[in-house]
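2 protein chains.
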Amino acid sequence: MNIREEAIRMRMAAPAMAACSIEKRNLALRLIAEKLEASKDDIFAANALDMEAAKEKGIPQAVQKRLKYDEGKLRDSIAGLNGLAELEDPVGKVTLKRELDEGLILQRVSVPIGVIGVIFEARPDAMIQVASLCIKSGNCAILKGGKETANSNRVLFGLIKECAIKAGLPEGCLVQAELHNEIDELLKCDSEVDLLIPRGSNAFVRHIMENTKIPVMGHSSGICHIYVDSVFDREMAVNTIIDAKIQYPAACNAVETLLVKRDIAGDFLPVMARAFIGAGVSVKGNAEVNRILSANGIVPGGEMADDEFAKEYNDMAVSVKLVEDVKEAVDHINRFGSHHTDSIITDDAEAEKYFTSMVDSAGVYVNCSTRFADGYRYGFGAEVGISTGKLHARGPVGLDGLVTYKYVLKGNGHIVGDYASGKKQFRHKDL
Amino acid sequence: MNIREEAIRMRMAAPAMAACSIEKRNLALRLIAEKLEASKDDIFAANALDMEAAKEKGIPQAVQKRLKYDEGKLRDSIAGLNGLAELEDPVGKVTLKRELDEGLILQRVSVPIGVIGVIFEARPDAMIQVASLCIKSGNCAILKGGKETANSNRVLFGLIKECAIKAGLPEGCLVQAELHNEIDELLKCDSEVDLLIPRGSNAFVRHIMENTKIPVMGHSSGICHIYVDSVFDREMAVNTIIDAKIQYPAACNAVETLLVKRDIAGDFLPVMARAFIGAGVSVKGNAEVNRILSANGIVPGGEMADDEFAKEYNDMAVSVKLVEDVKEAVDHINRFGSHHTDSIITDDAEAEKYFTSMVDSAGVYVNCSTRFADGYRYGFGAEVGISTGKLHARGPVGLDGLVTYKYVLKGNGHIVGDYASGKKQFRHKDL
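Which chain is which? The protein sequence lines are A and B, in order. The first sequence begins at 1 in my numbering and counts up one residue at a time. The second sequence begins at 1 in my numbering and counts up one residue at a time.
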């Protein structure tokens, strides 16, 4: 397939896709849900081929779990599609309506972004989720899933596209890329593609960000912090931190660095370290931390130099450092963090306020686990990714992040000359 | 000055600037307004040096008018500053408040973007406007004005910075770049600068867009169209089109291409062309248009080949082409336009609907001049630029475009494990 030709065709189809009624878009989602049920034997057969290949290649068990598409995941996909069809239309919302002057009405109306390229990890449910978010938001999409689920993706994409066309969406609204070199072609389509959303490893996302002029939404790293300012409830503090580390260590919103206020470290650090070690987490402190651990008979899992704290483990390990106060904690986070999600444990209102206003991250949390940074948990229905950039969309990105707006101005022969000459004056009255 | 060092310092100052109260930010604006009045002799003296140099260099009269800063422009600047101080705070707005579960409250709060670089044309009032928009929105700013007003800029920047500090804003909140090579340094500061806003010639803006990894907001070209679908009021149609062309031909929102429905061209085109020529506008049709003009005794100002329509004159000239219907007009605009602002003249509701929904531009207008695309005319107080990109901000960009948001989540020891295990369920109740 020639990606540029497909992208050019899609660019031309995008206005028609954007103009499709919400009834057609929701119908497509419901048809996909029905078709998933009706085609489940084909889907499971294709997935079995992917699973066999994964076993042959010796892909780790934990990853194989992600590749697997079974009855349970099918239920979730169908529930997700029907739930998405119930959600309010993100397109056509009037977010500003203003009378500029008599008979001259300005409206700001939400519209789809246009053509979006999404490159996502090998997970059959991701194909369904990404495609359905793009359909609901009226966007054309070029979809490239991970190669380890190539067979599953092909079957799923085929039925998704079939249902989209059956619902009356334009022919060119969805395209699947299957080859890795097609990603490189896609990166060059900056005249045709409005937005790229890459998901996957840090190195992969960084590669995309550095090799395209297309705007990119996503995150390369997730270096999340928890700063313990006061241990007003020791069990709560320990539980929250353990959850943030071990509930899903490979996730971008898992905590990587624990900062502890120096004046509570002597009491809190040994308890926390024992909890970590008991949960199978390796504790890597700087020299100061390790001295306290050793004095309490705890063997550190390694030693961090003070400039090594921009470290994302994605694994059962955590960096630990002491800071003088919330100010030093914030400086550390803003310097070493990735502007993803950072949490403070405190019952001090001043420290909480300082932390939430000064930490420059998409998520700033108080007394809870960083693992809540997720579109589903935020109540967005689903997410297309998490953005650590500051423009357009920040944090978990749901349907809202897949639309932009246009200004529609309607007059009756209004000319600027009349206002420049003083013959007429603007009213600027919000309606 | 070492721009990178300044940018690093600014990056560290940005959270403190973002946390400054609206009282301090408004005080800064009011102090600047007072100081402008008190320092007007110094400002006019500096501006006189710039004007002398401009005359010596033989800079055209029209451009000299832009460089000039006089009593009238001072009044406008002071009124603009006091008006901006009256506007609602764009920072700290809660745009979503949701109970995820008992005691776990999510808020989405607007926050400044952080560090913004603005490179703007030689106009002393632009320095004041850009700096004041950045102050009001709580952003740190690196400002680089056109070199032709270097003396005026230096005096103005000096007093703006002095007033900002006096109002209690952080020392590093504003920096002025004065040398052209500092722009190249600035383009490399992608770890420090969150957003660049370049204003000026197409070639200059394109150069910025192509040579930095920093997100860029703005527009390189403004190829605006008017499509005449039905001439239900000939005088209105002609007046509107003439205004769009001649009211300020050098502006990005001036019309560059007129599209006329073929079945009305025989009647309308000669009238329109005579109006253009009477106003001093050169009419450049394609072969079909020029045949009609010639048959009516009108001499065309040139001939356009059918692939030459991506043409921005910024001058007293207009391209003209016939189309079969609104569909062909929209296809032409989406292909040759720059997604800036396009207008239809019609009394047909179907054509209007098709045009406004299918034209993929920041502004889609009905029966009015394209020249309305402007932050002041939209009632935004002022604008920092006009964006033809689709992400973050589109069209005229005022204070709203200078903020982003963060998610603040406050709990009481909430952990994700409880929801993953089914022990607890999310409520997702909007408050």
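It is possible that some hints are incorrect.
Any copy will do: because identical chains look the same in the list, a pair fits if it lies in one copy or spans two.
The calculated DSSO-like cross-link candidates involving lysine-lysine, where the alpha carbons are at most 27 Å apart (straight line), are [unchecked claim]:
#, residue 1, residue 2
1, 311, 24
2, 410, 166
3, 424, 188
4, 188, 147
5, 410, 353
6, 35, 188
7, 57, 213
8, 24, 166
9, 423, 24
10, 73, 24
For the record, the hints were derived by calculation from the structure and aren't laboratory data.
Taking 27 Å as the upper bound on the Cα-Cα distance, should residue 410 and residue 166 be classified as within, between, both, or neither?
-> neither (35 Å within a copy, 45 Å between copies)
Under a CA distance limit of 27 Å, which applies to residue 424 and residue 188: within one copy, between copies, both, or neither?
-> Neither way: residue 424 and residue 188 sit 48 Å apart in one copy and 46 Å across, limit 27 Å.
At most 27 Å between C-alpha atoms: does residue 57 with residue 213 qualify within a copy, between copies, both, or neither?
-> neither (35 Å within a copy, 38 Å between copies)
Give the relationship of residue 24 and residue 166 under a CA distance limit of 27 Å: within one copy only, between copies only, both, or neither.
-> Within one copy only: 9 Å inside a chain, 58 Å across chains, cut-off 27 Å.
Alpha-carbon proximity between residue 311 and residue 24, which holds within one copy, between copies, both or neither at 27 Å = neither (46 Å within a copy, 38 Å between copies)
Within, between, both or neither: residue 188, residue 147 at alpha-carbon 27 Å | within (21 Å within a copy, 35 Å between copies)
Under a CA distance limit of 27 Å, which applies to residue 423 and residue 24: within one copy, between copies, both, or neither?
-> Answer is neither: 47 Å inside a copy and 38 Å across each miss the 27 Å cutoff.
Classify it for me, residue 410 with residue 353: is the Cα-Cα distance of at most 27 Å met within a copy, between copies, both or neither?
-> Close across copies (11 Å), not inside one copy (45 Å); limit 27 Å.
At 27 Å max between alpha carbons, let me know whether residue 35 reaches residue 188 within a copy, between copies, both or neither.
-> Result: close neither inside a copy nor across copies, 35 Å intra and 50 Å inter.
Please work out whether the CA atoms of residue 73 and residue 24 approach to 27 Å or closer within one copy, between two copies, in both situations, or in neither?
-> Intra 25 Å, inter 54 Å, cutoff 27 Å: intra-copy only.
The structure fails to meet hints 1, 2, 3, 6, 7 and 9 from the earlier list, while all remaining hints are met.
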